[in-house]
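J.: Sequence:
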Amino acid sequence: MDNRRRLSDLAFHQRPGIEQLGLSAFPPNPHDDMKQKLIRLSEAYTAALEKQLKQGPGASLLPALTLGRQAVALGLETLDLARIHEQALVALDLSRAKNAFARLAGIFFAEANTAIEATHPVARENQLELSRLMTALGRRTGELAVSSLQLRRGVVRRKAMEVDFARRAQDHRKCLEESLELQKRLRRLTYQVLAAQEDERKKISHELQDEIAQTLLGINIRLLSLKQEARCKSTGLKNSIASTRQLVASSVRSVRQAGHKLCQT
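Using the working numbering, the letters of the sequence shown map in sequence onto residues 36 to 300.
The set of hints was computed from the structure by calculation and includes no laboratory data.
Wrong hints could be hidden among the right ones.
Pairs of lysine-lysine, DSS-like flavour, derived with a Cα cap of 25 angstroms [stated by the list, open to error]:
id, residue 1, residue 2
1, LYS209, LYS219
2, LYS89, LYS70
3, LYS72, LYS86
Beta-carbon label-pair distances, calculated as ranges [claimed, not checked]:
id, residue 1, residue 2, range
4, THR113, ARG188, 46 to 54 angstroms
5, ARG280, GLN218, 50 to 58 angstroms
6, GLN263, GLN227, 21 to 29 angstroms
7, GLN227, GLN205, 32 to 40 angstroms
8, GLY189, LEU165, 50 to 58 angstroms
9, LYS219, ASP199, 24 to 32 angstroms
10, TYR226, ILE247, 30 to 38 angstroms
11, HIS241, ALA284, 51 to 59 angstroms
12, ALA145, LEU109, 35 to 43 angstroms
13, ARG175, ARG208, 42 to 50 angstroms
14, GLN205, HIS241, 40 to 48 angstroms
15, ARG75, LEU179, 42 to 50 angstroms
16, ARG187, LEU224, 49 to 57 angstroms
17, GLN232, LEU211, 28 to 36 angstroms
Fair warning: this is a prediction, and the values are worked out from it, not measured in the lab.
Each residue gets a CB set at the ideal place from its N, CA and C atoms; glycine is no exception.
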């Protein structure tokens, strides 16, 4: 109320304040009707601006647009509305402020001035161009959002592939290590089998040598015995010869069996 009273006093009792509203640019009015309309518009503007500043950035700008349309109805231009705005700032002690309130006040004035700018053909064309640009910007923003979503999905897929590749590489290293270990075990087993076969061959060879040596020794003894028996009687000689032949046949069989064993190993 104090601010409104101050603004009213400035409007009624201070001649320079009325001139600052641009009244000198309007034709004289015998009934002072235009002056009263300007005063009411100025008071309404100050009250609406004060309410806007109290509500903060989230407040609706519809009151500002309504005041701008009233200014258009009175035939005011942007400069006239700027003077009213300056008067409101002085009334609200914001003429030298450089804070959030000053920024909000500028937004309020810009919204109110859109009604005046809309009456100009160039302003309308600019508004249409701005609308087209905003539409294109919205479309481009949507495209960028889709591209960003696809990019994020691609990043997720790439990370999943990297994790899968790392897991596969780990499995491959594990399989390679197991394969190398199996090869080592196979070489050890092969060496053990070959060593066992070699031992078996040596064992059979020794057994064969011993058996053949014994058989030949027996044959030699039989031959000596035949030599002595040949001097005595022939019947005993025949029996000795038969026995010696059996010993030779047995030796042959032993040699063959040993040969088979060596072939198998």
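J.: Run every hint past the structure and note whether it holds.
T.: Consistency of the hints with the structure:
Between LYS209 and LYS219, the direct Cα distance comes to roughly 15 angstroms. Compliance with the 25 angstroms bound is thereby established for this hinted pair. With a CA separation close to 29 angstroms, the supplied pair LYS89 and LYS70 exceeds the 25 angstroms bound. For the hint linking LYS72 to LYS86, the alpha-carbon distance of about 21 angstroms falls within 25 angstroms, and the restraint holds. Taking the beta carbon of each, THR113 and ARG188 are about 50 angstroms apart, inside 46 to 54 angstroms as hinted.
A hinted range of 50 to 58 angstroms holds for the C-beta pair ARG280 and GLN218, which are about 56 angstroms apart. A C-beta distance of roughly 54 angstroms is found between GLN263 and GLN227, which places it outside the suggested range of 21 to 29 angstroms. Between GLN227 and GLN205 the beta carbons are some 33 angstroms apart, a value that agrees with the proposed interval 32 to 40 angstroms. GLY189 and LEU165 have their C-beta atoms about 35 angstroms apart, which leaves the hinted 50 to 58 angstroms range violated.
In this structure the supplied range 24 to 32 angstroms holds for LYS219 paired with ASP199, their Cβ-Cβ distance being about 31 angstroms. For the pair TYR226 and ILE247, the beta carbons lie near 31 angstroms from each other, so the given range of 30 to 38 angstroms is met. Checked against the given bound of 51 to 59 angstroms, the beta carbons of HIS241 and ALA284, roughly 23 angstroms apart, lie outside it. Checked against the hint of 35 to 43 angstroms, the C-beta distance between ALA145 and LEU109 comes to roughly 19 angstroms, which is inconsistent with it.
At about 48 angstroms, the CB distance of ARG175 to ARG208 agrees with the hint of 42 to 50 angstroms. For GLN205 and HIS241, the hinted distance range of 40 to 48 angstroms is not satisfied, since their beta carbons lie about 54 angstroms from each other. Restraint check, ARG75 to LEU179: a C-beta distance of roughly 48 angstroms satisfies the suggested window 42 to 50 angstroms. Between ARG187 and LEU224, the C-beta spacing of about 55 angstroms keeps the proposed range 49 to 57 angstroms intact.
In this structure the hint that GLN232 and LEU211 lie 28 to 36 angstroms apart at CB holds, the actual value being about 31 angstroms.
When held up to the earlier numbered hints, the structure conflicts with 2, 6, 8, 11, 12 and 14 and fits the remainder.
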